[in-house]
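So the sequences go chain by chain: A and B. Residue numbers for the first sequence follow numbering that gives the first Met the number 0, so the first one is 0 and each next one is one higher. Residue numbers for the second sequence follow numbering that gives the first Met the number 0, so the first one is 0 and each next one is one higher.
Calculated directly from the structure, the hints in this document are not laboratory data. All C-beta atoms in this analysis are idealised placements derived from N, C-alpha and C, irrespective of residue type, glycine included. Incorrect hints may have been included.
[Claimed, not checked] Derived, one-sided and incomplete: chain B residues facing chain A with beta-carbon distance under 7 Å: (1) A39; (2) R82; (3) N84; (4) Y94; (5) D283; (6) P286; (7) E288; (8) I421.
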Amino acid sequence: MKLFQRTIRDLHQMLLDREISSVEVTESVLGQIDAVGEKTKAYLLVTRELALRQAKAADDRLRAKRDVKPLTGIPIALKDVLCVKDVVSTAGSKILKGFTPPYSATVVDRLESEGAVFLGKTNCDEFAMGSSNENSGYWPVHNPWDLDRVPGGSSGGSAAAVASGEAIAALGSDTGGSIRQPAALTGTVGMKPTYGRVSRYGLIAFASSLDQIGPMTRDVVDAALLLQAIAGHDPRDSTSSQKPVPDYLSTLERGVKGMRLGVPREYFVAGMEPAVEQAINDAIKLLEQQGALIEEVSLPHSDVALPAYYIIAPAEASSNLARYDGVRYGYQAEGAKNLIEEYMLTRQQGFGAEVKRRIMLGTYALSSGYYDAYYLQAQKVRTLIIEDFKRAFEKVDALLGATSPTVAFPLGAKTQDPVAMYLNDIITIPANLGNVCGISVPCGLADGLPIGLQIIAPGFREETMLQVAFAFKAAADFRKLQSPLMKAAA
Amino acid sequence: MAIATRYEVVVGLEVHAQVLTQSKMFCWCSTDYLVAPPNANTCPVCLGLPGSLPVINRRAVEATIRTALALNCEIPEFSKFDRKNYFYPDLPKGYQISQYDLPFSRNGHLEFEVKGEPRRAGITRVHLEEDTGKLQHEGAIEDAQSSLVNFNRAGVPLMEIVSEPDLRSADEAREYVVRLRAILQYIGVNNGDMESGQLRCDANVSLRPVGQTEFGTKVEVKNMNSFRAIHRAIEYEVERQTEVLESGGRLVQETRGWNDARGLTVSQRTKEFAEDYRYFPEPDLPPLEVSRKWVAEIRSTLPELPAARRERLIATLGLSPYDASVLTSSKPTAEYFEETVRLGAPAKGAANWILGDFSRLLNADRKEIQDASIKPAHLQQLIALIDSGVISGKMAKQTFEAMYRASDPEPALTAAKGSSQISGDAELAGIVDQVIAENEKTVADFKAGKEQALKFLIGQGMKLSKGRANPQRLEALLREKVS
Numbered sequence: 000m001k002l003f004q005r006t007i008r009d010l011h012q013m014l015l016d017r018e019i020s021s022v023e024v025t026e027s028v029l030g031q032i033d034a035v036g037e038k039t040k041a042y043l044l045v046t047r048e049l050a051l052r053q054a055k056a057a058d059d060r061l062r063a064k065r066d067v068k069p070l071t072g073i074p075i076a077l078k079d080v081l082c083v084k085d086v087v088s089t090a091g092s093k094i095l096k097g098f099t100p101p102y103s104a105t106v107v108d109r110l111e112s113e114g115a116v117f118l119g120k121t122n123c124d125e126f127a128m129g130s131s132n133e134n135s136g137y138w139p140v141h142n143p144w145d146l147d148r149v150p151g152g153s154s155g156g157s158a159a160a161v162a163s164g165e166a167i168a169a170l171g172s173d174t175g176g177s178i179r180q181p182a183a184l185t186g187t188v189g190m191k192p193t194y195g196r197v198s199r200y201g202l203i204a205f206a207s208s209l210d211q212i213g214p215m216t217r218d219v220v221d222a223a224l225l226l227q228a229i230a231g232h233d234p235r236d237s238t239s240s241q242k243p244v245p246d247y248l249s250t251l252e253r254g255v256k257g258m259r260l261g262v263p264r265e266y267f268v269a270g271m272e273p274a275v276e277q278a279i280n281d282a283i284k285l286l287e288q289q290g291a292l293i294e295e296v297s298l299p300h301s302d303v304a305l306p307a308y309y310i311i312a313p314a315e316a317s318s319n320l321a322r323y324d325g326v327r328y329g330y331q332a333e334g335a336k337n338l339i340e341e342y343m344l345t346r347q348q349g350f351g352a353e354v355k356r357r358i359m360l361g362t363y364a365l366s367s368g369y370y371d372a373y374y375l376q377a378q379k380v381r382t383l384i385i386e387d388f389k390r391a392f393e394k395v396d397a398l399l400g401a402t403s404p405t406v407a408f409p410l411g412a413k414t415q416d417p418v419a420m421y422l423n424d425i426i427t428i429p430a431n432l433g434n435v436c437g438i439s440v441p442c443g444l445a446d447g448l449p450i451g452l453q454i455i456a457p458g459f460r461e462e463t464m465l466q467v468a469f470a471f472k473a474a475a476d477f478r479k480l481q482s483p484l485m486k487a488a489a
Numbered sequence: 000m001a002i003a004t005r006y007e008v009v010v011g012l013e014v015h016a017q018v019l020t021q022s023k024m025f026c027w028c029s030t031d032y033l034v035a036p037p038n039a040n041t042c043p044v045c046l047g048l049p050g051s052l053p054v055i056n057r058r059a060v061e062a063t064i065r066t067a068l069a070l071n072c073e074i075p076e077f078s079k080f081d082r083k084n085y086f087y088p089d090l091p092k093g094y095q096i097s098q099y100d101l102p103f104s105r106n107g108h109l110e111f112e113v114k115g116e117p118r119r120a121g122i123t124r125v126h127l128e129e130d131t132g133k134l135q136h137e138g139a140i141e142d143a144q145s146s147l148v149n150f151n152r153a154g155v156p157l158m159e160i161v162s163e164p165d166l167r168s169a170d171e172a173r174e175y176v177v178r179l180r181a182i183l184q185y186i187g188v189n190n191g192d193m194e195s196g197q198l199r200c201d202a203n204v205s206l207r208p209v210g211q212t213e214f215g216t217k218v219e220v221k222n223m224n225s226f227r228a229i230h231r232a233i234e235y236e237v238e239r240q241t242e243v244l245e246s247g248g249r250l251v252q253e254t255r256g257w258n259d260a261r262g263l264t265v266s267q268r269t270k271e272f273a274e275d276y277r278y279f280p281e282p283d284l285p286p287l288e289v290s291r292k293w294v295a296e297i298r299s300t301l302p303e304l305p306a307a308r309r310e311r312l313i314a315t316l317g318l319s320p321y322d323a324s325v326l327t328s329s330k331p332t333a334e335y336f337e338e339t340v341r342l343g344a345p346a347k348g349a350a351n352w353i354l355g356d357f358s359r360l361l362n363a364d365r366k367e368i369q370d371a372s373i374k375p376a377h378l379q380q381l382i383a384l385i386d387s388g389v390i391s392g393k394m395a396k397q398t399f400e401a402m403y404r405a406s407d408p409e410p411a412l413t414a415a416k417g418s419s420q421i422s423g424d425a426e427l428a429g430i431v432d433q434v435i436a437e438n439e440k441t442v443a444d445f446k447a448g449k450e451q452a453l454k455f456l457i458g459q460g461m462k463l464s465k466g467r468a469n470p471q472r473l474e475a476l477l478r479e480k481v482s
């Protein structure tokens with residue numbers, strides 16, 4: 000087994016035992032990037048020198064046995080929406096081409112202080128708007144399971160990197176499913192923590208009330224380790240919670256015996272592929288065999304979550320993206336004759352079609368005379384969805400369902416039909432609107448393509464969600480689930 | 000004016016006051032934008048860099064609530080910030096964090112006087128927002144080849160104080176701002192500097208036929224940076240609008256800028272197409288709960304406000320309402336006055352000096368009273384010299400100006416004391432004789448051994464000499480004569 004194929008936990012033990020060095024692990028992963036990077040196109044930027052420098056520093060730390068943390072010396076990829084000081088950070092957009100932030104996101108600072116190694120910036124849909132990574136302002140990402148297929152989105156680069164061995168783990172961001180859906184489509188573990196659990200400072204905003212940063216890993220333990228490192232209050236983010244962060248590892252292996260798990264009937268949506276439905280039902284049975292008490296529940300407003308999301312998220316985005324005007328940083332159109340023209344040309348040329356579509360949707364929804372009918376109405380729907388979850392969680396400890404109704408689809412299959420593309424997120428969006436947490440874990444293959452099981456827990460109950468995910472992973476055999484690109488190197 | 004009787008003037012004012020905090024509204028940058036080099040006091044937050052997030056400055060919120068309480072407003076328990084979206088190069092995020100439907104306060108009022116008549120204007124709301132950066136054009140804005148942006152001011156906390164359309168003349172509008180400015184200074188939330196833009200005022204001016212209840216078309220007048228400019232701009236606007244209406248024309252809703260040099264308002268943009276700021280709740284900031292305990296704490300720290308101080312000065316010192324109004328309209332002036340009185344000066348005399356010669360000299364030099372070299376102790380001594388007849392009124396004026404001009408007023412004051420003192424025995428002898436002649440009984444008492452009696456006689460001598468007698472010589476001569 001090559002180093003790049005291993006998990007954080009394995010590597011951490013090996014680093015502690017001085018079996019390997021961080022430089023060796025980092026070189027192994029960089030080697031895999033060299034080998035398959037042109038196939039997956041997972042990275043927008045590989046920070047080779049920074050990675051090796053950090054790996055050397057981590058090795059010093061390990062040698063001195065000084066302040067060694069679970070992530071010390073572990074190579075991690077960062078979605079391009081995360082600002083890293085002095086490293087080009089573009090959110091996958093041409094409008095931020097070359098933008099080098101003078102500061103790092105709080106999560107990046109936290110990983111850095113743990114001694115993690117930064118491999119680079121992973122590709123994503125522009126400003127995290129998309130479900131296939133085809134909206135990247137640079138190039139699409141290819142799924143390591145089938146290079147003709149999408150890896151999902153918007154954190155498609157992070158998912159593909161983790162699935163192909165181009166990173167041991169990665170950070171993504173999830174506004175409507177952007178971590179969980181690509182995790183499902185690439186056979187990886189992807190977690191959206193509860194809104195407020197992880198600081199958003201330095202995350203290039205898409206929709207401020209929904210965005211959340213989370214781990215993308217090959218293993219549930221790794222997800223817990225990574226969450227542990229990034230969770231907690233940040234004085235620079237007023238929306239980050241003051242709630243104490245529990246020790247996620249201490250409860251991870253408690254199992255599901257006696258746990259009540261709900262299956263929302265609304266999550267078996269029309270258009271769900273039979274193989275996906277079958278795999279989810281099998282997963283539910285497996286958990287039942289482990290001692291969980293399964294019961295059907297209802298989240299009656301699930302059907303209006305998607306339309307509400309496509310009001311709220313674009314509305315916030317239309318405002319968040321107003322700052323990209325070419326005046327201070329990023330792309331600036333040439334040849335404008337006056338200020339208004341400079342704004343218009345810069346934004347016309349700098350933004351891609353989907354981003355422009357959402358800016359227009361959001362601008363419209365917030366316009367005087369339409370606000371009450373759209374934005375306010377969508378906020379009311381959001382309240383109903385929050386209440387749906389509250390009622391369900393009075394009866395059960397966690398919810399089970401599919402992450403995505405389909406497996407990875409071919410590149411180009413849905414690019415002409417935005418609504419078909421939006422429907423990819425139909426069962427991930429409610430968790431964002433409902434202020435709960437969700438995780439996607441691999442639960443099987445259909446025609447060689449991964450399927451994801453989604454586990455949703457109440458707000459700030461990540462430990463419950465991880466506990467279920469770990470029990471499932473222990474019962475199912477995950478080792479089979481390695482992408483061909485990863486396996487080929489073995 | 001005939002026309003003045005046909006139309007009623009309706010004015011509402013929006014006053015923007017920068018809050019005196021050390022750091023900006025949503026980040027930790029210094030609020031100094033007047034002295035600091037361009038863009039020195041900026042950070043990712045106030046530059047609106049991608050991924051940065053605002054954090055509320057609690058002191059700015061406190062100052063806003065403090066202001067609202069001083070303006071008799073209600074303070075709701077629940078408040079939030081909103082985004083006001085528009086594009087402009089001085090607005091780094093493409094939106095301004097402001098307050099829309101749930102401001103920190105509403106429904107207050109401000110009382111003031113115009114020509115001795117009490118007036119009261121409603122305060123619609125006091126809310127908090129962030130200031131913008133500042134553009135610097137290369138030459139005139141119309142033909143500048145380039146413009147530079149300085150973001151030092153971006154994110155400086157700014158209160159907006161909105162009045163009801165309750166003001167009925169340029170005089171009323173000016174007095175309203177004078178009183179408002181005084182209150183802001185008294186409670187320490189704003190320095191009242193209009194010239195540098197730390198206190199700014201926009202006026203909504205409209206006319207309606209006398210007796211009509213609905214409002215006429217309003218014009219927003221901006222760019223007035225002195226009390227005088229506010230007054231002139233409104234007067235001009237009233238005249239202009241009257242002429243339009245009188246000539247059968249129609250007014251358009253628009254924004255006009257006051258050009259102080261030319262003494263007129265110029266159309267900046269019409270509001271035929273109302274701007275749509277697409278306000279929505281700021282998702283980066285949780286809503287605020289303003290606890291009653293917090294409000295009570297803020298209320299308990301409010302100092303005596305100008306209106307109360309004015310009443311006190313009238314009641315306890317017998318000042319005229321007019322003098323009391325003017326003296327209390329600036330906190331430093333009121334403090335200067337009270338200190339002078341505390342040191343022993345009569346109230347009326349102190350008020351006359353401060354509102355008369357002193358104000359004239361300060362105005363000419365564009366100086367504030369607290370910056371003058373003459374301190375209350377000096378003024379008190381000067382007044383004492385006049386009251387005791389040592390120097391004449393005319394001489395006092397000359398002395399005052401000399402004291403005002405000097406970096407140290409002492410020598411001029413001492414010179415005034417000395418110049419007119421009577422030390423010659425020949426001159427003093429006359430006074431001594433008169434005292435003895437007029438106070439036979441006291442002289443007898445002294446002769447009988449009552450040392451105290453001499454003190455009384457000296458006092459009488461000083462009085463006779465209008466304080467000019469050299470007290471040591473006077474005592475010596477008196478002792479000699481009666482012994």
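Structure-based check of all given hints:
Checking B:A39 against chain A by beta carbon gives a least distance of about 15 Å; that is not within 7 Å, so the hint is violated. The criterion of a C-beta within 7 Å of any C-beta in chain A is met by B:R82, whose closest approach is roughly 5 Å, and the hint holds. Proximity of B:N84 to chain A holds as hinted, the smallest CB-CB distance being about 5 Å (cut-off 7 Å). Because the beta carbon of B:Y94 sits about 5 Å from the nearest beta carbon in chain A, less than 7 Å, this interface hint is met.
Because the smallest distance between the Cβ of B:D283 and any Cβ of chain A comes to about 5 Å, under 7 Å, the interface hint for this residue holds. The closest approach between the C-beta of B:P286 and any C-beta of chain A is roughly 11 Å, which is over the 7 Å cut-off, so the hint fails. Evaluation of the B:E288 hint against chain A yields a violated restraint, the C-beta minimum of about 14 Å exceeding 7 Å. Interface restraint check for B:I421: the shortest CB-CB distance to chain A comes to about 74 Å, outside 7 Å, so the restraint is violated.
The structure does not agree with the numbered hints 1, 6, 7 and 8 stated previously, though it agrees with the rest.
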